[in-house]
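**Student:** Take a look at the letters that make up each chain.
Number of protein chains: 2
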Amino acid sequence: MSTPNAAMELDAIDQRMLEALARNARISLKELAEVAGLSSPSAAERLRRLEDRGVIAAFTVDIAPEAIGYSLQAIVRVRPLPGQLHVVERIIQETPEFIECDKVTGDDCFIGRLVVRSMGELDGILDKIAERAETNTSMIKATPVKRRLPPLSP
Amino acid sequence: MSTPNAAMELDAIDQRMLEALARNARISLKELAEVAGLSSPSAAERLRRLEDRGVIAAFTVDIAPEAIGYSLQAIVRVRPLPGQLHVVERIIQETPEFIECDKVTGDDCFIGRLVVRSMGELDGILDKIAERAETNTSMIKATPVKRRLPPLSP
DNA sequence: TTTGAAAATACTCTATT
DNA sequence: AATAGAGTATTTTCAAA
Numbered sequence: 000m001s002t003p004n005a006a007m008e009l010d011a012i013d014q015r016m017l018e019a020l021a022r023n024a025r026i027s028l029k030e031l032a033e034v035a036g037l038s039s040p041s042a043a044e045r046l047r048r049l050e051d052r053g054v055i056a057a058f059t060v061d062i063a064p065e066a067i068g069y070s071l072q073a074i075v076r077v078r079p080l081p082g083q084l085h086v087v088e089r090i091i092q093e094t095p096e097f098i099e100c101d102k103v104t105g106d107d108c109f110i111g112r113l114v115v116r117s118m119g120e121l122d123g124i125l126d127k128i129a130e131r132a133e134t135n136t137s138m139i140k141a142t143p144v145k146r147r148l149p150p151l152s153p
Numbered sequence: 000m001s002t003p004n005a006a007m008e009l010d011a012i013d014q015r016m017l018e019a020l021a022r023n024a025r026i027s028l029k030e031l032a033e034v035a036g037l038s039s040p041s042a043a044e045r046l047r048r049l050e051d052r053g054v055i056a057a058f059t060v061d062i063a064p065e066a067i068g069y070s071l072q073a074i075v076r077v078r079p080l081p082g083q084l085h086v087v088e089r090i091i092q093e094t095p096e097f098i099e100c101d102k103v104t105g106d107d108c109f110i111g112r113l114v115v116r117s118m119g120e121l122d123g124i125l126d127k128i129a130e131r132a133e134t135n136t137s138m139i140k141a142t143p144v145k146r147r148l149p150p151l152s153p
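In the order they appear, the protein sequences are chains A and B.
Here the first sequence is numbered in numbering that gives the first Met the number 0, starting from 0 and rising by one per residue.
Here the second sequence is numbered in numbering that gives the first Met the number 0, starting from 0 and rising by one per residue.
Each hint should be verified, as a subset may be incorrect.
Cross-link-like lysine to aspartate or glutamate pairs, in silico, DMTMM-like; alpha carbons within 25 Å at most [said to hold, decoys possible]:
hint	chain 1	residue 1	chain 2	residue 2
1	A	145	B	33
2	A	145	B	88
3	B	145	B	44
4	B	145	A	33
5	A	140	B	44
6	B	102	A	44
7	A	102	B	44
8	A	140	B	65
9	A	29	B	88
10	B	102	A	106
11	B	29	A	61
12	B	102	A	50
13	A	102	B	51
14	B	29	A	120
15	B	29	A	99
16	B	145	A	10
17	A	145	B	10
18	A	140	B	133
19	A	29	B	44
20	B	145	A	30
21	B	102	A	51
22	B	140	A	50
23	B	102	A	133
24	A	145	B	30
25	B	127	A	44
Since the hints were derived computationally from the structure, they do not count as laboratory data.
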């Protein structure tokens with residue numbers, strides 16, 4: 000029971016492959032194979048298994064919001080008024096400026112991240128939510144830890 | 000002054016390419032070209048320019064933390080005690096379970112996301128920070144909005 | 001900026017260890 | 001599980017518009 004499920008273990012080769020993909024998901028299988036110390040077909044097979052096991056959820060692109068005009072980012076804690084939970088959840092989902100949102104324990108029901116072009120835009124979005132929830136907004140000044148992989152070794 | 004910088008504009012082709020890459024960053028140039036309605040060389044050239052302009056920050060892999068044993072995720076707000084700001088920032092950076100962290104305005108100085116295998120592990124991490132900061136932890140129960148692209152059209 | 005065609009690379013399949 | 005080799009597909013380059 001305290002033995003971790005073997006299916007969850009990543010060996011050194013898996014780890015090197017995931018680290019290489021985290022640096023550049025568009026790396027060729029050939030390069031990936033070199034990093035892993037395998038032939039290309041073996042690397043392809045490993046990659047397929049990592050996907051099948053659900054370890055790899057997706058290959059995605061990181062956009063720089065500021066490069067397309069979103070000069071401000073905020074983290075918003077949202078506490079729906081009684082009876083408004085589902086409406087608030089839908090409003091958040093339908094507001095595309097919310098680029099991620101988690102539902103959490105504690106006083107705050109939702110914690111979301113949003114991008115805006117201006118304070119005016121932020122104000123407009125928060126006003127819409129204000130009818131149905133209390134919000135607490137923190138503007139992002141810096142990002143000391145950019146999104147990174149969790150520790151891969153047990 | 001109210002005119003957005005033209006360099007920040009994404010045309011319909013750029014948008015389709017970014018959306019396709021957000022779905023699968025390892026899509027081939029050939030498929031990307033089909034999505035865009037261009038030849039492969041044109042798609043490659045557009046892609047290169049999106050990278051050069053800084054619109055594309057990186058191609059990355061999304062790991063499913065629960066598939067490698069991290070059954071719990073938390074959002075932690077961290078408020079360093081007087082004089083402890085930089086030490087706390089370093090502790091967070093050096094704790095690999097923090098998979099992202101922002102420095103924000105307001106009472107909370109840092110808001111971070113962390114993954115753990117158990118409540119015991121979470122407790123250990125928070126105890127280490129507790130000597131130097133107040134923390135407020137929310138466990139993630141669900142994710143109503145998974146990381147997605149910001150709106151791409153002005 | 002885009003295209004088409006050719007050359008260079010990379011990928012995938014099968015058989016094999 | 002991993003590999004080698006062969007056949008297939010993709011990517012890159014380049015001249016031209």
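**Student:** For every hint, state whether the structure bears it out.
**Tutor:** Results of checking the hints against the structure:
1. For the given pair, residue 145 (chain A) sits about 33 Å from residue 33 (chain B) by alpha-carbon distance, which is inconsistent with the 25 Å threshold.
2. A threshold of 25 Å between alpha carbons decides the hint, and for residue 145 (chain A) with residue 88 (chain B) the separation of about 13 Å falls inside it, so the pair holds.
3. Under the criterion of a C-alpha separation no larger than 25 Å, the hint pairing residue 145 (chain B) with residue 44 (chain B) is inconsistent with the structure, at around 30 Å.
4. For the hint linking residue 145 (chain B) to residue 33 (chain A), the alpha-carbon distance of about 33 Å lies beyond 25 Å, and the restraint is violated.
5. Our distance criterion of 25 Å between C-alpha atoms is broken by residue 140 (chain A) and residue 44 (chain B), whose separation comes to about 34 Å.
6. A distance of roughly 40 Å separates the Cα atoms of residue 102 (chain B) and residue 44 (chain A); the hinted pair therefore is violated under the 25 Å criterion.
7. Restraint check for residue 102 (chain A) and residue 44 (chain B): not satisfied, since their Cα atoms lie roughly 40 Å apart, outside the 25 Å limit.
8. Under the criterion of a C-alpha separation no larger than 25 Å, the hint pairing residue 140 (chain A) with residue 65 (chain B) is inconsistent with the structure, at around 30 Å.
9. Simply put, residue 29 (chain A) and residue 88 (chain B) have alpha-carbon atoms about 38 Å apart, too far for the 25 Å limit, and the pair is violated.
10. The straight-line distance between the Cα atoms of residue 102 (chain B) and residue 106 (chain A) is roughly 21 Å, inside the 25 Å bound, and the hint therefore holds.
11. Under the criterion of a C-alpha separation no larger than 25 Å, the hint pairing residue 29 (chain B) with residue 61 (chain A) is consistent with the structure, at around 21 Å.
12. Note on residue 102 (chain B) and residue 50 (chain A): the hinted pairing is violated, with a Cα-Cα distance of about 33 Å set against a maximum of 25 Å.
13. Pair hint residue 102 (chain A) plus residue 51 (chain B) does not hold up; C-alpha atoms about 36 Å apart against a cutoff of 25 Å.
14. The straight-line distance between the Cα atoms of residue 29 (chain B) and residue 120 (chain A) is roughly 38 Å, outside the 25 Å bound, and the hint therefore fails.
15. With a C-alpha separation of about 30 Å, the suggested pair residue 29 (chain B) and residue 99 (chain A) falls outside the 25 Å cut-off, and the hint is violated.
16. Simply put, residue 145 (chain B) and residue 10 (chain A) have alpha-carbon atoms about 28 Å apart, too far for the 25 Å limit, and the pair is violated.
17. For the hint linking residue 145 (chain A) to residue 10 (chain B), the alpha-carbon distance of about 28 Å lies beyond 25 Å, and the restraint is violated.
18. Restraint check: the Cα-Cα separation between residue 140 (chain A) and residue 133 (chain B) comes to about 20 Å, which is no more than 25 Å; the hinted pair holds.
19. Simply put, residue 29 (chain A) and residue 44 (chain B) have alpha-carbon atoms about 22 Å apart, close enough for the 25 Å limit, and the pair holds.
20. Distance check on the hinted pair: residue 145 (chain B) and residue 30 (chain A) sit about 30 Å apart at the alpha-carbon level, beyond 25 Å; violated.
21. The hinted pair formed by residue 102 (chain B) and residue 51 (chain A) fails the criterion: a straight-line CA distance of about 36 Å is larger than 25 Å.
22. With a CA separation close to 24 Å, the supplied pair residue 140 (chain B) and residue 50 (chain A) stays within the 25 Å bound.
23. With a C-alpha separation of about 22 Å, the suggested pairing of residue 102 (chain B) with residue 133 (chain A) holds against the 25 Å cut-off.
24. About 30 Å separates the Cα atoms of residue 145 (chain A) and residue 30 (chain B), which puts this hinted pair outside 25 Å; it is violated.
25. Among the hinted pairs, residue 127 (chain B) with residue 44 (chain A) is inconsistent with the structure: their alpha-carbon atoms are about 41 Å apart, more than 25 Å.
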